[in-house]
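Chains as they are written, first to last, in the numbering used here: chain A, 1 to 413; chain B, 414 to 728; chain C, 729 to 1098.
Any given hint could be a false lead.
To be verified - As a list, the in silico EDC-like pairs of lysine to aspartate or glutamate whose alpha-carbon atoms are at most 20 angstroms apart: (1) Lys-821/C / Glu-213/A; (2) Lys-746/C / Glu-619/B; (3) Lys-182/A / Asp-910/C; (4) Lys-581/B / Asp-308/A; (5) Lys-746/C / Glu-510/B; (6) Lys-581/B / Asp-71/A; (7) Lys-581/B / Asp-910/C; (8) Lys-821/C / Asp-165/A.
To be verified - Here are the in silico distance ranges between beta carbons for each label pair: (9) Gly-405/A / Tyr-589/B: 46 to 56 angstroms; (10) Tyr-522/B / Ser-208/A: 51 to 61 angstroms; (11) Ala-904/C / Val-435/B: 23 to 33 angstroms.
Note that these hints are calculated values from the structure, not bench results. Glycine included, each C-beta is placed from N, C-alpha and C at the ideal position.
Listed here are the chains, written in short residue letters.
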Amino acid sequence: MRKLSVLTLVVVLALVVSAAGAALARQNVEITLMGWSSSTEENDALLAQVAAFEAANPGISVNVQLVPEYDTTIQAAFASGDSPNVFYVDSSKLPDWAEAGVLASGEGMIENLDDHYESLLEAFTYDGTLYCPPKDFSIMALQYNKDMFDAAGLDYPTPDWTWDDLRAAAEALTGENEAGQKVLGLVTPPNFERWLPFLYQAGGSVLSEDWTEVTLDSDEAREALEFYIGMVNDGIAGPPSMVDAGWGGEAFAQGRVALAMEGNWVISYLVEQFPDLNWGVTELPRHPAGGQASMVFTVCYSVASDNDYPDESWQLANFLTGPEGSQLVAEEGFGVIPPAISAADTWLEAIGPEIGEGFLAGAEYAHKWQFPVGFQDVFDTFNADLQLAFEGQYLAEDVIIDTIGVAEEVLAR
Amino acid sequence: MTASTTTAPHERRSPLMTALTVVGWTVLIVFAALEIFPFVFTVANSFKCLPAVQSYPRSIIPVPPFGAECQTETGAARSPGDVSGAVTFNPTLEGYEEIADANLPRWLYNTAIFAVAITIGRLIFDSLAGYALARLRFPGNRLVFYTILGTMMVPAIVLLIPRFIILKELSMLNTYQGLIVPLAVDAFGIFLMKQFFESIPNEIEEAAMVDGANRLTMFFRVVLPMATPALTALAIFSFQGAWNDFLMPLLILSGDSDLWTLTLGLSFLRGAYGETLRWHAFLAGSVLTTLPLALIFFYFQRYFVEGVSYSGLKG
Amino acid sequence: MAQPQVLARPKVTTMAAKRRQEALTGYMFMAPALVIFLVFLIIPIGAAVYLSFTDWNGITPVFDEGAYQQVGLDNYRDLLLGEHTEDDGRVVKATTRQRDFFISLKNTTYYVLGVVPTQTLLALILAVIVNQRWLKAKGFFRTAFYFPSITSSVVISIIFMWMFTRGGLINTTIGAVFSGYDSGSFVNWLDDPRGVIHIILEQFGVTRANVGDWASNRSLGLTTWEWLSGPSVTMLTIMILNTWTTIGTMMVIFLAALQNIPSSVYEAAAIDGANAWRIFRQITVPLLRPTTFFVVTLGLIGCFQVFDQIYVISSGGPAKTTLTVAYMVYQNGFNRSAMGLAAATAIILFVIIFAFTLLQRLFVSERANV
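Chain A extracted, bound-state conformation:
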């Protein structure tokens, strides 16, 4: 009898120990967060956020992987079935990845929905499903060089500016600088996303609401494109390379253009590397008939659909994008705007209200940068044709016809 009770005791003890061990083991979860590297400060801020999360959630440890060539690396991870638990998703990539089935649905999993901007949630909704909480966003706005405006005796741009004002200013500000180099009024990168605001301001569109029809064949589109190309052909605007720059921000920073249309990512660049530049920001000009539009570029924290730890992953995503996580980042005053509406004031204060307002104001009417799967072909064709149009080899009409052709083909696939 005693042997049996000893045996029972041992068995029970073993069971208890293993159960406790299992419980403890389950507590120590490690999840992976994959993203790309921004500046050193932003990377450090992310690590700080993650540390705060880990402190608040003992038992979950986060392995942060910031990789170069993010798109290639993460695609390989997806394809092999070894996706990280949480990862960045750019709104332009959402359709592709959602269609491929690698994103978990965010319906019912995302917290603090009313603390998020509508337009951002819209950007991360595909085919009726909301996928992920936004991480940060940037809005396109109009930057102007105050010194150059002063020198020419012009008034600074205001939110009431129209295309005509833009054109007039660009014309007046084109010339040469002290070193004898060419200076343009406005920098117009040959990119689809830089031209889109003009299209939307004119009241045009690329696709129908449900993405089934191409609606680019319109007078509005022609008007908007002719305006854009016209400025270049008249020599008052041009691509960055024409003023020896790699991108619009650089052209603006070097004083080779008086006006640029960049998003708030340009703030860190200008503040850190060109602190002596005297510049201001306002909203993009309106169409003469009053239409206002801008573009929003945003990234979200998405949870993998094939996931060993979905709960913990959602906890991380929600923390990083919630009020607390947003505040941590907002205080730092980085170029990108944190997602929580409640953190907007903190960010404005950190970045400087004058500059910040000019960008933030556009959040209400900004369009998302997102198109159906495979639309990259359309952008490429448009960009290529636009470059030739800048050279005077193509007309706006040619560009539009070409683009429509490709768009229709892509939709038919």
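For chain A, the structure is supplied; the task is to place chains B and C on it using the hints.
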């Protein structure tokens, strides 16, 4: 070429010879200058602070003085437009400091390990395979050669994901061996060695064979020493190829930043949109990445001269 | 008295056994290489071939159920014919894919035709010069020429980008030498889509407008005028970059081969009274034939697959003039969610390279006993 000077009768230097010599020298110097000058500027600019790189890339003598004048009184960086053009030799090490902080020593260490291991692997396996293809008759000899040649003709991009999946299934991702084993043999090296072995006369090996040596010993004791020029070339190519490889480390090692190589680390310095922001650090990194290779090449390239002379075969 | 018969040592090995021994040795020697190749090269290539017959997007985990469908030759049809027919009879147009493919083919061909002969010739000349007895400071020159090959292509591309920006090092240096070349007339090396042949023709007054109607005939998505554009200015810049980089490698290969030519050959020729040029033409060049084949083959293979520089510098732009076939493979596989199409593009490229190499081999073999 170590030939004794022939006592050619009355070797007069015709004007044509002199002209050709002058032309030859000019061509050489011009080409050498063309080949090197980007590096001269890279080195020079790596010693400048960032605004100086942006505004005065052409000055070989680094412009603003160390630290202080690259920043305003408040410590903020100067705008490029502000930097004066005074030519004073006062280099700064900012770029090098920044990149050292960014973990360059570790990258250097990793890259060295990979490069050495891969080179040793290729020296052994490529020459074995090249010799087999050149000298040994076995069924499928030609087929194997053309297959190997063929593998060089497939764009590596399309193999990225299949390779990644294979390595993952073999649990070799984010490990040292994961990078070394797939690269321990390469088609180019095999091709190189095969061509070389085919150009060596058969007599030496046949002599050794008659003496009763077996293939393997003969290979290591007789054939390989004869192949020093080709092996040197192979070693140089392999080392440098491994040192500079970007795609494979990206694929295999990106998950563990402690394993990163120099190329991965340097690409990290580029902004999210691909633009290079920290030029001085990037250039400093480029210098540090290139220097070891240059030294190694400079040291080993004399073996091309002191290679095997075949005059010993005659007679 | 009979001579003691010297018995021949009993032949342990027969001819057949010897051959078996040799074959075995052959396999043994090849074994490590074969294994590694099989696992890390042959199998992935097989996978690529397989995938070229599917519509996989490259993202959905490949081993999942329903990750992709078999589509037979549809990818190939899209690229070569510009359309394919679905099972239900619906014709799906793919003119963009076809046009992009042939644009990339055109660009790559101009690239190959420009770079391969140039780099081979220059490398050969330099190797011969550097090899001369009368040359001092050989080590320095050899290192100088090889230097560009030492650096990572990614790094060197970025450095070149920095040098060739419109207001950068190259332009300002040329401007300092030629007074007529100033900020207004600087060439926009990295962003100029105009074809070089078009620019040359323009100097002679020939433009698209006045060359005649035949120039507007469309074939495979491009007008004849467009086919005759030559590489664009930006493509030319990249060609210069690559030639500059690879001359050193090819030179090293030629040098190694030159070492194998016994000096006695040169001495004999010198005694016979041959001058330097004849020696070069009738002794050096023929003796280097296998090496030349090697160098040209390498050049072809490398040039047809040019990718790194495009990726870093131009991403296929401006106006798709630096879009090469290899870059298109990357684009389709990683930016367009069309990995099946990318695989098909890669296979087609493989076939092209293979054909060119065979052609080259035939050409070379005809004139020598290689």
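Holds or violated: 51 to 61 angstroms for the Cβ distance of Tyr-522/B and Ser-208/A? holds, 57 angstroms
Just to be careful, I want the Cα atoms of Lys-182/A and Asp-910/C compared with a cutoff of 20 angstroms; is the pair within it? Within the cut-off at roughly 11 angstroms; holds.
Given the hinted pair Lys-581/B and Asp-308/A, is their alpha-carbon gap at most 20 angstroms? Since the Cα atoms of Lys-581/B and Asp-308/A sit roughly 18 angstroms apart, the hinted pair holds (cutoff 20 angstroms).
Would the hint linking Lys-821/C and Glu-213/A be met if the CA-CA limit is 20 angstroms? holds, 16 angstroms
Under the criterion that the straight-line Cα-Cα distance not exceed 20 angstroms, is the pair Lys-746/C, Glu-510/B satisfied? Roughly 64 angstroms between the alpha carbons, so the hint for Lys-746/C and Glu-510/B is violated.
Could you check the hint for me, namely that Ala-904/C and Val-435/B are 23 to 33 angstroms apart, CB to CB? At roughly 26 angstroms between Cβ atoms, Val-435/B and Ala-904/C fall inside 23 to 33 angstroms, so the hint holds.
Take the C-alpha atoms of Lys-821/C and Asp-165/A, compute the straight-line distance between them, and say whether it is at most 20 angstroms. violated, 44 angstroms
Check the hint pairing Lys-581/B with Asp-910/C against an upper bound of 20 angstroms on the C-alpha distance. violated, 55 angstroms
Can the restraint linking Lys-746/C and Glu-619/B be considered satisfied, given a maximum Cα separation of 20 angstroms? holds, 14 angstroms
Proposed proximity, Asp-71/A with Lys-581/B (alpha carbon, max 20 angstroms): holds, 18 angstroms
Using the C-beta atoms of Gly-405/A and Tyr-589/B, is the stated range 46 to 56 angstroms upheld? holds, 51 angstroms
Hints 5, 7 and 8 from the earlier list are contradicted by this structure; the remaining hints agree with it.
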